[in-house]
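Asks: One letter stands for each residue in the lines below.
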Amino acid sequence: MKKLNVDYIADAGKKAKGKRPWFLDNPEVEKVLSITMAIAGELAVARERLDTLERILESKGIMNRDEIESFIPSENDANERQTWHAEYLARIMRIIQQDREALETAPDMNEAVEDLVKEFTEE
Amino acid sequence: MKKSEYSGQLPPTYDKVIRHDIFPEPTHDETARFNFIASLNQHLAGVAAGNKIVYEKRLKPNFNKENGRDFENRHEVHRALKKDPYWKTWSALRRNTMEMRQQAGRSVVLRQIDELNEKAEILNKGKSTLQLNSEIKSPRYASAVDIHLQVGGYDTELVEGDISVGANYDSGIFVTTTGGVGPGIDGGGRAVATAVKQKFPDFKPKRILDVGCTIGHNVLPIAKAYPDAEVIAIDTGAPVLRYGHARAQALGVNNVTFIQADVENLDYEDGYFDWIQTTMFLHELSSKSIRKIMSELGRMLKPGGLLLQVEQPNYTPKMDLLEQAIRDWDCWYNNEPFWSKMHGMDTKEIMRMGGFKDEDYMEFQAAANTDNGDVTKPAKSVSEDYGREALWTVFGAWKS
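So the protein sequences, as listed, match chains A and B. The first sequence begins at 34 in the working numbering and counts up by one. The second sequence begins at 3 in the working numbering and counts up by one.
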């Protein structure tokens with residue numbers, strides 16, 4: 034039997050033969066929708082894995098899932114968690130943050146680059 | 003609590019699917035991914051129901067105002083839907099979900115393809131019940147685009163002896179139908195076998211032909227219901243036949259012979275078969291080939307023999323134009339090029355092409371007859387997902 038040297042990561046997502054229809058007025062938006070749905074799927078997968086883990090731990094008597102509901106973080110725990118939320122949000126909201134910075138700082142970046150090039154280019 | 007219009011009866015979880023020896027074994031997370039996609043399909047059936055509101059509140063009044071008359075056919079409705087933002091969003095999501103299902107199935111199959119191909123080779127080796135013929139090619143009308151976005155169609159071989167497209171098909175049907183076809187993905191076949199046993203208890207077919215069998219999932223229940231019959235299942239795609247045969251062996255069904263053949267050129271003598279069956283096959287045929295194939299089926303069927311065809315319902319004048327237009331979605335956006343044309347035909351006319359008489363015509367409904375136990379019952383959504391529901395029209399005739 035011949036072995037198949039397959040790039041399973043890329044090939045799993047191969048395009049079906051035939052022209053793909055685009056439904057939204059802006060295909061870029063439709064691509065973002067597609068990525069969003071894939072991420073929604075991966076969140077569901079992570080959630081299901083966590084659920085499995087909790088149920089196994091509970092069945093082994095290691096924890097009781099009610100403990101999760103009644104868990105109150107210590108002051109230190111709470112601080113660490115809220116820091117994590119802040120970092121996480123900053124990471125995913127980066128583009129909006131940069132948009133705001135661009136509004137605040139003049140001139141815009143393209144002009145700045147042009148000025149720099151002009152300044153440091155020999156005649 | 004009130005049942006949600008979106009979730010209906012919750013879909014069964016993917017772990018309920020029968021794991022036979024050749025089944026692409028999913029990991030925990032791959033199973034979870036299938037569960038997500040099945041739930042998403044269920045949810046989208048609820049989203050699809052919104053098209054009805056769009057139709058009544060926006061499309062119909064607007065069309066009437068512009069044209070001074072109502073919609074006259076499904077194509078006019080489709081043209082109006084295409085411009086509507088609600089329909090566009092639903093369609094973008096539905097198309098994307100079909101693509102996600104393909105990716106999910108292929109990623110499970112391809113990472114273990116060498117083992118699967120080896121298992122198939124062992125199960126198939128030396129068996130006279132698998133007869134391949136490398137000269138048989140899929141007709142161009144069936145391979146020009148990947149039908150229902152199944153990458154590689156039914157016949158692509160990535161390596162000699164490959165079964166990947168068959169394995170991918172098997173892995174995902176449960177998800178696409180939100181579990182509606184049952185744990186053995188054979189709800190269609192079981193519905194037919196049960197109906198024929200009940201309706202025609204004296205029928206004792208000796209030779210049965212299943213045309214366009216793919217991985218044989220719908221012929222196995224028939225073969226099990228008639229264990230003494232010689233059952234022949236044909237398809238043009240070698241990978242699906244290899245997989246289907248190995249799958250039948252793994253499930254312990256040994257009275258089906260899988261043959262790579264083109265139904266337009268079969269050399270069985272006239273009247274050879276007592277029962278000829280097609281299941282979700284006609285809609286994949288070009289209108290030219292339907293005529294030829296029907297005439298062949300009529301020829302090979304014995305007088306007094308039975309021809310039955312399982313399909314999604316055809317568009318009759320009684321069917322609401324919006325339903326017709328939504329059912330047509332698969333044609334335009336899910337690579338089912340002949341779906342619209344075929345479903346627009348009169349089923350009696352199709353039977354006439356095979357020489358069958360109108361007075362012998364029969365038609366009945368069959369719902370997926372799935373296993374007992376709550377979780378494996380067909381997931382009946384509150385909103386019907388047209389074209390995906392495990393409920394079919396069976397039409398055919400006894401040859402007089």
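Since the hints were derived computationally from the structure, they do not count as laboratory data. Watch out, some of these pointers could steer you wrong.
Listed below are the simulated DSSO-like cross-link pairs for lysine-lysine, each with C-alpha atoms no more than 30 Å apart in a straight line [claimed, not checked]:
| # | chain 1 | residue 1 | chain 2 | residue 2 |
| --- | --- | --- | --- | --- |
| 1 | B | K226 | A | K50 |
| 2 | B | K139 | A | K52 |
| 3 | B | K226 | A | K48 |
| 4 | A | K35 | B | K199 |
| 5 | B | K139 | A | K47 |
| 6 | A | K50 | B | K343 |
| 7 | A | K64 | B | K127 |
| 8 | B | K121 | A | K48 |
| 9 | A | K35 | B | K127 |
| 10 | B | K199 | B | K226 |
| 11 | A | K52 | B | K343 |
| 12 | B | K294 | A | K64 |
| 13 | A | K93 | B | K85 |
| 14 | B | K139 | A | K35 |
| 15 | A | K52 | B | K226 |
| 16 | A | K48 | B | K84 |
Far from chain B by the CB rule (all over 10 Å, computed), these chain A residues [as the list claims (entries may be wrong)]:
| # | residue |
| --- | --- |
| 17 | Y41 |
| 18 | G51 |
| 19 | E63 |
| 20 | A73 |
| 21 | V78 |
| 22 | S103 |
| 23 | P106 |
| 24 | M126 |
| 25 | R127 |
Backbone N, C-alpha and C define an ideal beta-carbon position, used for all residues, glycine too.
Asks: Taking the hints in turn, state whether each one holds.
Replies: Right, here's what the structure says about each hint:
About 36 Å separates the Cα atoms of B:K226 and A:K50, which puts this hinted pair outside 30 Å; it is violated. Between B:K139 and A:K52, the direct Cα distance comes to roughly 23 Å. Compliance with the 30 Å bound is thereby established for this hinted pair. Of the supplied pair hints, the one linking B:K226 and A:K48 is violated, its CA atoms being roughly 37 Å apart against a limit of 30 Å. This hinted pair does not check out: A:K35 and B:K199 have alpha carbons roughly 44 Å apart, beyond 30 Å.
Between B:K139 and A:K47, the direct Cα distance comes to roughly 23 Å. Compliance with the 30 Å bound is thereby established for this hinted pair. The suggested pairing of A:K50 with B:K343 holds, with an alpha-carbon distance near 21 Å, which does not exceed 30 Å. Distance check on the hinted pair: A:K64 and B:K127 sit about 45 Å apart at the alpha-carbon level, beyond 30 Å; violated. A hinted pair counts as satisfied when its Cα atoms are at most 30 Å apart, and B:K121 with A:K48 qualifies at roughly 27 Å.
Simply put, A:K35 and B:K127 have alpha-carbon atoms about 15 Å apart, close enough for the 30 Å limit, and the pair holds. Between B:K199 and B:K226 the CA atoms are separated by roughly 12 Å; this keeps the pair inside 30 Å, and the hint holds. A C-alpha spacing of about 19 Å is found between A:K52 and B:K343, which places the hinted pair at or below 30 Å, so the restraint holds. Note on B:K294 and A:K64: the hinted pairing is violated, with a Cα-Cα distance of about 42 Å set against a maximum of 30 Å.
Only pairs whose Cα atoms come within 30 Å are accepted, and A:K93 paired with B:K85 is rejected, the gap being roughly 56 Å. Of the supplied pair hints, the one linking B:K139 and A:K35 holds, its CA atoms being roughly 22 Å apart against a limit of 30 Å. For the given pair, A:K52 sits about 41 Å from B:K226 by alpha-carbon distance, which is inconsistent with the 30 Å threshold. At roughly 23 Å between alpha-carbon atoms, A:K48 and B:K84 fall within 30 Å of each other, so this suggested pair holds.
At the 10 Å boundary, the C-beta of A:Y41 falls inside the reach of chain B, the nearest C-beta of that chain being 4 Å off. With a cut of 10 Å on Cβ distances, A:G51 falls inside the contact zone with chain B, its closest approach being about 3 Å. Separation of A:E63 from chain B is inadequate, the least Cβ-Cβ distance of about 5 Å not exceeding the 10 Å criterion. Against chain B, the non-interface label of A:A73 is violated: not every CB pair exceeds 10 Å, the least being about 8 Å.
Not every CB of chain B lies more than 10 Å from the CB of A:V78, the least distance being 4 Å, so the non-interface label is violated. Against the 10 Å criterion, A:S103 stays outside the reach of chain B, whose nearest CB is about 25 Å from its own CB. Against the 10 Å criterion, A:P106 stays outside the reach of chain B, whose nearest CB is about 28 Å from its own CB. The beta carbon of A:M126 sits about 24 Å from the closest Cβ of chain B, which is more than 10 Å, so the claim that it is off the interface holds.
No Cβ of chain B approaches the Cβ of A:R127 within 10 Å, the least distance being about 25 Å, so the stated non-interface status holds.
Figure legend: structure checked against the earlier numbered hints; hints not met, in rising order: 1, 3, 4, 7, 12, 13, 15, 17, 18, 19, 20, 21.
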